[in-house]
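K.L.:
Below, each chain spelled out in residue letters.
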Amino acid sequence: MAVMERRGARVAFAAGQTCCGQFAYNAGHWPEAWGMAKNLLEALDTLPQPGPEAARTTVGLSGSCVAMVREEYPKLLDWAADQPGWDTSWPVRYARVAGRLLEFSQWLGRAVPAPPPPEAASPTRIALHTGCHMRRVLEAGGEAARVIETLGLTVAIPEDEDQCCGFGGTYAMTEPKISTALADAKLAALQATGAEALVSCDWGCLLHLGGRLSRRGAAWPVLHLAELVDLGDRGDLSPARLAQVGQFVREDP
Amino acid sequence: MRWEALGGHYWESEPGAGLAQAVAAAADRLVERAPERMPSVLWWPGPAWAALAWKAALPAGRWAVTPVTGGGPMEPGALRSVAASAALGVTGAAWAAADTGSVALASEPGQGLWPSLLPPSHLILLRAAQVVPTLADGLRVMRSEGGMPPMAKIISGPSSTADIEGQLWVGVHGPGRVGVVVVTGPMPDDGGR
Amino acid sequence: MAGSLPRDPAPWAVRRDRALANPRLRANIGRVARRLAGARQQAYASYPAGRALRVAGRDAKRRAVAHLEPLLDQLRDQLSANGARVIFAEGPKEVADYIVSLAARRGAQRVVKSKSMLTEELDLNRRLAAAGLTVRETDLGEYIIQLLDERPSHILAPAAHRNRQEIAAIFQDTADRAGVPGPTSDEVGPLAAFARARLREEFLAADIGITGANFLVAETGTVVLVTNEGNADMVASLPPVHVVVAGIDKVLDTWEDLAAVIQQPALSGVGQRLSAYTTLISGPRAPGAEEGPEELHVLLVDNGRRPLLGGPYADVLTCIRCGACYNVCPVYRQVGGHAYGSTYAGPIGAVETPLLAGLNFLPELPKSLCTLCNACVDACPMDIALPDHFITLRRQQVDERGEPSTTRLTYRTWGRLWSSPRQYQRFLAWARRGQRFMMRQGRLVRAPGFLGGWFETRDMPPIAAETFHEWWARRASSPALSRSDEAPS
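Protein chains in written order, with our numbering: chain A, 4 to 256; chain B, 1480 to 1672; chain C, 809 to 1297.
Hints are computed from structural coordinates only; laboratory data are not their basis.
Keep in mind that the hints are not guaranteed to be accurate.
[Claimed, not checked] Capping the alpha-carbon separation at 25 Å, the derived lysine to aspartate or glutamate pairs in DMTMM-like fashion look like this: (1) K78/A x E1208/C; (2) K78/A x D867/C; (3) K901/C x E1103/C; (4) K901/C x E877/C; (5) K180/A x E1172/C; (6) K901/C x E958/C; (7) K1534/B x E1491/B; (8) K78/A x D48/A; (9) K78/A x D1186/C; (10) K180/A x D165/A; (11) K180/A x E1264/C; (12) K180/A x D816/C; (13) K78/A x D816/C; (14) K78/A x D1196/C; (15) K78/A x E1211/C; (16) K180/A x D825/C; (17) K78/A x E8/A; (18) K41/A x E74/A; (19) K180/A x E164/A; (20) K1534/B x E1515/B; (21) K901/C x D1110/C; (22) K41/A x D1191/C; (23) K180/A x D163/A; (24) K78/A x E1103/C; (25) K901/C x D881/C; (26) K41/A x E8/A; (27) K41/A x E902/C; (28) K78/A x D90/A; (29) K41/A x D867/C; (30) K78/A x E958/C; (31) K180/A x E1103/C; (32) K1534/B x E1511/B.
[As the list claims (entries may be wrong)] For the chain C half of the interface with chain A, some residues (derived, Cβ under 7 Å), not all of them: (33) L828; (34) D957; (35) V1139; (36) T1179; (37) C1181; (38) R1202; (39) G1261; (40) E1264.
These numbers were taken from a predicted model, which means no experiment stands behind them.
Glycine is no exception: its CB is placed at the ideal position from the N, C-alpha and C atoms.
Pulled out of the complex, with its shape left as it was, chain A reads as follows (with noise of 0.2 Å):
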């Protein structure tokens, strides 16, 4: 929010909000992701309105929940329209939610002007995970890069960066042994790098990665992109405050 509001956005947060519903949807359970879909339409689609039109966005802080509101809710539509208690002012309100959804990086990079890099690139290396639903169904990948490069900080990219964290949602709890074997090899490559830290722009590889970090023991730190933003901003970005911020239980401000 911070962030937001220092590149000169007034920022609304729809309290009503809670889930997209894609843990139920990709498992299958669609009654169930309906329920938290319909939920979070009608409170994003009620938050005020300040300013023109042209000038809203709603902004996500996680690359797949996006993907799921912009991609699946309408195969997610499509079913509930055969279902009881269907009502048709739902692909309307849909159109106008999801017509102004963007992914935090994707504000950050288009709809803002990028200040430009700092002279000295700093040898600060951050080794960046893209989300797989970012890279394949918003095909946002680039985004990310592009911003913590105006930083001053070198991208890392691992190896094998196309290949899944192994999070996938309830996939993480019901196959918990193939999640962390793709967790331990993601986790692998991305170390390979040398980087100080790592970020991403999905909250839920995050949590599966850090998580799986945290039970191993290791102090890598962990961040989300708004979070090294944020550093940046107040002008520490060194290793040390890195490794602050992105421990895995993040201290109370």
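Following the hints, put chains B and C in place on chain A, whose structure we already have.
P.N.:
Showing chains B and C alone in chain A's frame:
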């Protein structure tokens, strides 16, 4: 043509005396000679190459050539064992495609496919006018010529496999060495290409 | 009618754990998959025409699947006119019975085969062997796994799970039994040379050759085979009888359609513009000719395919078995093909197997072998909507089969709690109280039900003392708190 990029050998020649020399050079390059044995050749390029003097290209002192010139001069079943023991098979071609580097052969009366399959080396005689730009063009040629031959094959490089550790290896069941001699320049029956 | 596929009797958890506990298998599979996936990317990058071809090929396959029955009739008529015998076969039993009686009529004993996933699907080798026939696989990879008595672990490279040393060992063993010299080393060249020499004898001695088909062209009655080794040509042209066993989904309308799709198996599968051998068979040997089979039999097999026609999963029938989806799939790279428990593995296998054999057949496939990363649909040259199919199959399973009631209840409760702001607040309050009993050193380390799967290997941070929702509500009610920098991260 992309033939060489696929691991195929390639020669060009004018029609005439030079052609026999090119075929001789190709045979020498494609066949690995064992000192104690004269290599055997199954010569079966089909009626279109009847005028080519194979005896000049593959002289009797250096090569043991079995020619098939239509009509089946051999005992039934003999052809297969000749093909299976030959060091080199020589065939003509139906057409070739530049974009994929492929040469097509069709079994027809007077032209068989075994010389392209059983020997460790295979030499193809091709006229430049038979080369079409794309594979789709070649398939169109084949289709427009009326009835399909019982068997045709499109060869794109030597026999290969990646079945062991995903590593490419050349020469498994089919020929490990394939070469083509392309005859450039006008031939009397080329129709101007 | 549902088809019949072979299945590994071991349950999923056993197959999975067996794979995960085999680091050599995982390394071998991962290496091959990575190599092939990279080759595919390079091939397209250096061949811009390939992209337009891919779309044209996809459209040709889709048109054919949309008009399958008339095309099959045309194919049968055309092949018959060319002198072949065409038989429509329902499933494994009909195919095996036909070949066994054909062998009896011909007095045939020795069968050579080129690689065919359909005959794997039909478990044909075992059925023919049970009837007393000797069956020899001649594709190098198939030969290796036949010697090892295994099933293919990769659709293009059946022995992808075995490394050179393992292959050298089984070849040496085979040589010892036959009393012939073994391979001279465990390098690829000597291994391939050993197989060439052994199999050459079998080609020349065989009574029947069996191949699959990559494509069948209706307008000319042509069977199209694509190989790199050249073994299919030998199988199709050396024995006196050639039997083609092909799925009904292989048919194409025209020669133009064939031109559109013919490069795809090589381009998407191994990164070549065209396989080394594309073989086009339209009939048996011509009268008076010496080369080619005396008899050509073409068996067109359903085995669970027809019920998919016209339905939401029909695009699965456009699969050309290139293996591109296997190579990019993260789960496949971890567990390899055997863990899938039947013939087809990778994303297409996890989707197609229950579609062919019924939703109750290996029901774990749609659920347990996909993280929904979408890599498969990006790689698939036919644009088969694999991730969508995974999700709809899961939905169908939830709807039709039912899940364990505890899982069902978890989703119900979870869905209800997260479907309204008020319930969500209640959930947070409840979870905050509950989590105190599930923490160690400030981290969540346990959870109830299947959620506990997470905590077998991973931690989770606890719910914050003040969530963003709560901070926002507090800020809204207190003007002093308007500085956003105090927001919880």
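K.L.:
Hint by hint, note whether the structure agrees.
P.N.:
Each hint tested on the structure:
no. : hint              : verdict
1   : K78/A x E1208/C   : holds, 20 Å
2   : K78/A x D867/C    : holds, 23 Å
3   : K901/C x E1103/C  : holds, 22 Å
4   : K901/C x E877/C   : holds, 22 Å
5   : K180/A x E1172/C  : holds, 15 Å
6   : K901/C x E958/C   : holds, 21 Å
7   : K1534/B x E1491/B : holds, 20 Å
8   : K78/A x D48/A     : holds, 19 Å
9   : K78/A x D1186/C   : holds, 19 Å
10  : K180/A x D165/A   : holds, 20 Å
11  : K180/A x E1264/C  : holds, 9 Å
12  : K180/A x D816/C   : holds, 20 Å
13  : K78/A x D816/C    : violated, 35 Å
14  : K78/A x D1196/C   : holds, 9 Å
15  : K78/A x E1211/C   : holds, 23 Å
16  : K180/A x D825/C   : holds, 8 Å
17  : K78/A x E8/A      : violated, 34 Å
18  : K41/A x E74/A     : holds, 16 Å
19  : K180/A x E164/A   : holds, 21 Å
20  : K1534/B x E1515/B : holds, 22 Å
21  : K901/C x D1110/C  : holds, 12 Å
22  : K41/A x D1191/C   : violated, 30 Å
23  : K180/A x D163/A   : holds, 20 Å
24  : K78/A x E1103/C   : violated, 51 Å
25  : K901/C x D881/C   : holds, 23 Å
26  : K41/A x E8/A      : violated, 28 Å
27  : K41/A x E902/C    : violated, 52 Å
28  : K78/A x D90/A     : holds, 16 Å
29  : K41/A x D867/C    : violated, 37 Å
30  : K78/A x E958/C    : violated, 41 Å
31  : K180/A x E1103/C  : violated, 52 Å
32  : K1534/B x E1511/B : holds, 20 Å
33  : L828              : holds, 6 Å
34  : D957              : violated, 27 Å
35  : V1139             : holds, 6 Å
36  : T1179             : holds, 3 Å
37  : C1181             : holds, 4 Å
38  : R1202             : holds, 3 Å
39  : G1261             : holds, 4 Å
40  : E1264             : holds, 5 Å
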